[in-house]
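Q: Residue-level listing of the chains:
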Amino acid sequence: MPLYETVMQEKPPIVLDIGNAYTKLGFAAEAYPRKIIPTEVVLTTTGETKRLFDYVATEQLYDQIVDFLQTIFFKHLLVSPKERKFVVVENIFGQSVIRETLARALFIHFDVSSVLFVPAHLIALSTLAVPTGLVVDIGYSETTVMPVFSGVQIMSAFKDQSYGSSAVHDEIKRQLLATGVKESLLTPSVLEDIKIRTCFVTSFERAQAKPDKETTPVPNVDYAICDDDAVISIAGSVRETVYELMFEQNNERDSLPHLILRAILDCSMDVRCALVESIFVIGGGAMVMGLMARLKAELQHLLANDSYYAERFHGDLQFKFYNTIGKQNFTAWLGGALCGATDLIQTRSLSKETYLRNEHVPDWSNLCDNRHGG
Amino acid sequence: MPMENNIKILPKSVVCEESTLRGDITFSAGCVVHPSATIIADAGPIIIGENCIVEEYATIAHRLADGASWDASNILSIGSHNVFEVGCNVEASRIGDRNVFESKCFVGRGVTVSGGCVIGAGIQMRTVQVLPENTIVYGQQALQREAIEKQGSQTLQIDFLRKVLPNYHHLRKPNYDPKKARSVV
Amino acid sequence: MSFMQPSPVKYACSCGILNPINKLFFCRHCPKLRCGFCVCHEIESHFCSNCLENIPSSEARHKKNCCANCFDCPCCQHTLSARATTVPVVRKADESKDGGESGSDAAPSPKPSAMPTTKKMYYLSCLSCRWTTRDVGIPDQGVATGTWPDNECLYQVRFNTLMEYYQSVVLQEKQEKQEFMRRKAPKQHKFPSLTDRTGLTVSLIRRQIGWNDKSIPKTKPINITPAEASAEVEPLSEDIFTQPINLRNVTTVAQRHSQPADQPTAVNNLYPQRRSLWIKRSLRCRHCEHNLIKPEYHPTSIKYRIQLFASYHVPEVVMVRCEQPLQPGQTNAIFLKFTNPTMYDMTISILDAPPADAQVNMDAFMQGCRIKEEAITSSPLLKATGVTLTRQNSTREVTREVRDLANATIVPLDNEFVLSQRDDSKEFDEDVQAPIEEPKFIVWRKGNKVLMRLQFTPAAELQTGDEVTLGFYMQYTYVNTVSNTPDKKEPTTHALYSRLFIQAGEIAQGTAN
Chain A
1 MPLYETVMQE KPPIVLDIGN AYTKLGFAAE AYPRKIIPTE VVLTTTGETK
51 RLFDYVATEQ LYDQIVDFLQ TIFFKHLLVS PKERKFVVVE NIFGQSVIRE
101 TLARALFIHF DVSSVLFVPA HLIALSTLAV PTGLVVDIGY SETTVMPVFS
151 GVQIMSAFKD QSYGSSAVHD EIKRQLLATG VKESLLTPSV LEDIKIRTCF
201 VTSFERAQAK PDKETTPVPN VDYAICDDDA VISIAGSVRE TVYELMFEQN
251 NERDSLPHLI LRAILDCSMD VRCALVESIF VIGGGAMVMG LMARLKAELQ
301 HLLANDSYYA ERFHGDLQFK FYNTIGKQNF TAWLGGALCG ATDLIQTRSL
351 SKETYLRNEH VPDWSNLCDN RHGG
Chain B
1 MPMENNIKIL PKSVVCEEST LRGDITFSAG CVVHPSATII ADAGPIIIGE
51 NCIVEEYATI AHRLADGASW DASNILSIGS HNVFEVGCNV EASRIGDRNV
101 FESKCFVGRG VTVSGGCVIG AGIQMRTVQV LPENTIVYGQ QALQREAIEK
151 QGSQTLQIDF LRKVLPNYHH LRKPNYDPKK ARSVV
Chain C
1 MSFMQPSPVK YACSCGILNP INKLFFCRHC PKLRCGFCVC HEIESHFCSN
51 CLENIPSSEA RHKKNCCANC FDCPCCQHTL SARATTVPVV RKADESKDGG
101 ESGSDAAPSP KPSAMPTTKK MYYLSCLSCR WTTRDVGIPD QGVATGTWPD
151 NECLYQVRFN TLMEYYQSVV LQEKQEKQEF MRRKAPKQHK FPSLTDRTGL
201 TVSLIRRQIG WNDKSIPKTK PINITPAEAS AEVEPLSEDI FTQPINLRNV
251 TTVAQRHSQP ADQPTAVNNL YPQRRSLWIK RSLRCRHCEH NLIKPEYHPT
301 SIKYRIQLFA SYHVPEVVMV RCEQPLQPGQ TNAIFLKFTN PTMYDMTISI
351 LDAPPADAQV NMDAFMQGCR IKEEAITSSP LLKATGVTLT RQNSTREVTR
401 EVRDLANATI VPLDNEFVLS QRDDSKEFDE DVQAPIEEPK FIVWRKGNKV
451 LMRLQFTPAA ELQTGDEVTL GFYMQYTYVN TVSNTPDKKE PTTHALYSRL
501 FIQAGEIAQG TAN
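Chains as they are written, first to last, in the working numbering: chain A, 1 to 374; chain B, 1 to 185; chain C, 1 to 513.
Errors might be hidden in some of the hints.
[Stated by the list, open to error] Chain A stretches covered by chain C per the calculated footprint, using a threshold of three residues with CB under 8 Å from any CB of chain C:
1) 193-202
2) 271-279
3) 309-323
The hints are simulated quantities; they were obtained by calculation from the structure and are not laboratory data.
Every residue, glycine too, gets a C-beta built ideally from N, C-alpha and C.
Here chain A stands alone, though its shape is the one from the complex:
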């Protein structure tokens, strides 16, 4: 295959997936990211750590992105970004200011040769080699649902809610504060550690059980917080219930199962059945124990017992799920790595020359970029 051999012989493209909490970075055609690092910058002036997307002015964001990318290139990837090709996995509904600033930093400050922006949901699906799927991305700040049919994203059926890992952190904090733990102890890193090491999604049966009914409580955990040298007890109920905010039953009907079902209903009738049988859950938030089992039980339960959905879904439907190859938190990155290994990096990228002509990243939502009949 002489055509793509030439692609591989030159320097492999860099694949970046800059998430709200963690950034996945590595090279195209590799099966897993080189590093997964917190999306944080260390300010050179004060030495304090700061989240990348906390900013006041665009210029500040630009400086932070430059600092962050500098760390990525010279501390983690150890390659010079100059004249490199890039694949950037992006949230399709992400803020355009971030996208524009990132492009400006890459093209103007780092002098890269081309950048290929790929939409996260679509590219994640490519790791399965299937054209159709309902991609659920449970991220840090939000959970998004995007149906994809035959390789086309159904934008009108996109759904998102603000429960992601950060909402879970807040819930842990709220519940622990209620048990009398000092607030100063519960730093974000402690909350994350508590979440990842002790918490889980409980089973459907236990969640449905009435509060007054006695269930065997989940064992408590003694958790040592080291900064202030304290030991706090994390009640079993905390471990079990913090993820309930994704499944909360309320009048808004915006819990995760509802979100999925509504996204399916927003698609045309012909694709619904295919979507029901191809749910694909990705994102770091999806790695918690018990999530998939619970999600499936909830979906089947709603389908059978909720009159709204029973009216609209017909036939004997069985929800089916795809397993990711690799871990969920870098599935979208993996798609980008696959994409960067193909010739698409030559043909579809935004090249430096094109960018410098009018310093603008083409955007699907921008009418100016969609005018021509191509």
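Take the given structure of chain A and dock chains B and C to it, following the hints.
A: For chains B and C alone, kept in the frame of chain A given last:
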């Protein structure tokens, strides 16, 4: 509190004279106490097991609780083969065998150290807690992990110190021989 | 005085960012101040920070930027070190019962009669958290740089299939497009070629003379089995409701992310990680593409081949003290120590506005060139150097306006003063310099150092506790030893200026009026 120090040193122990010892302290056979180590038995006797090493500027203290007074039955027992590294400060309520207290660590009064534990350098432990067997506390966040086996004893080091220390320091003489004591009684 | 502490004196870099002088570089060819933000960083060499071995970049790429010999602890990310133990080798005939003995405290087999042969076995151990390869059941190795298990990726085969599949899909698409374009585009020849008229096509001729068809066979996408969705999902184990969890067996986020391929949740799946390489960087001026910093190649050396730190070229200003406590609206004076780091005398003047001749040259001013350069000897030279300096290169220089932080007005000095050259031998001279006529703002002078007094007035509206910042322009003469033009060999003198901001301190408590 007893009016005078009552230091019992069993044979084969090497206790340097420049060390600060206060209260009722018993060193079992084979202990090595470096110069300027400090052992304070305010609240009750301290009994140190065999082959322990107490390095320079290490402090082992059995301090009085508020309002308490000397109590001969309140014994701080320290097991055998423990290493107290340079500058550590240990006030633990009980210490088992084969523990390592690394440099500059602090172990507070409420802590019970079982056996085979390692308290990493610079770690501060104040909260009341029990360290299970083979716990290793390490790193800036004082994370805990469990070792697969107990730390190896430092026999070579003890033998070396036993040879070297007497060449350069005055030693306190072993003053208590269990065999003799038994024959006397 | 302010070692390891943020310096109160900040210089405005030519890109507009404020930095203390020790973070600035000075491009002799431009000649301008540069900072880490406005220079081009390049990778000079890869090395391992543990074994200090230099690794060529091609090898580094091949090894995925990891050292071949050094490992990091998966538990605490510290470096692992190899420990040796002696293990008795089992003699088949006579000694078989001692064979199982091993371990760190393994004393050599005590039976002298059997003449036990021992061999050294190695395992990796972390000196920080005492993790060992034995913790996860990795057998000891016969050589120190043993064949420790590498991260293997469970789905590598599937990934490769996927990659081949997509590559062939994209390739096919591309070929179809090319085919389409060729058919769509009419022949552009003005005259029909011979082959067209005779109907002899290239492929026909090739076939006639027995060559292969030149056209590449159409690629078909290779077959791939798409992933199967299943209704079966991993159930939550019932144990979690009843069994207490042991936090020591659950990995932390950092531990998981240090093993990105498998991200184990249990500590017994942690494996030693190959240590990431480090790099040496060289810095290059974006404007003239000259190196500002070039380290020596060898990892053990900390010297530079090229080092254009600003503190070797630009007079250093150190704030000594203020004369009186700072009060809003009250005239005060600040003592500043100037040091000349160069081998040439400098003439310095302190201004409250950019030098007049710099303002005339608005063009240069707008480009953000905050330093005006002027050849004293001849003005055509300036033109010549100007031409060479504006050589365009690929990377654009982005400048921004200097943020004016000053909230005090200074009284500019009425005349300039000379800062003598640096002379290391003079440091030890006993004889006192003959007193010379000094301007009265100069408090003290020794060698290449001058202490001077600068009057200023903090703004009247400042409140107690507000930071007072002075801003001024320091014009200095700089003798450039590198020549930008080949014909001119003698050093040229430039009059440069830097904009400085000094945090004088906070408005003191007390009654101002």
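Q: With reference to the structure, classify each hint as holding or not holding.
A: Verification of the hints:
no., hint, in the structure
1, 193-202, "holds (count 7)"
2, 271-279, "holds (count 3)"
3, 309-323, "holds (count 6)"
Violated hints for the displayed structure: none, as all numbered hints are satisfied.
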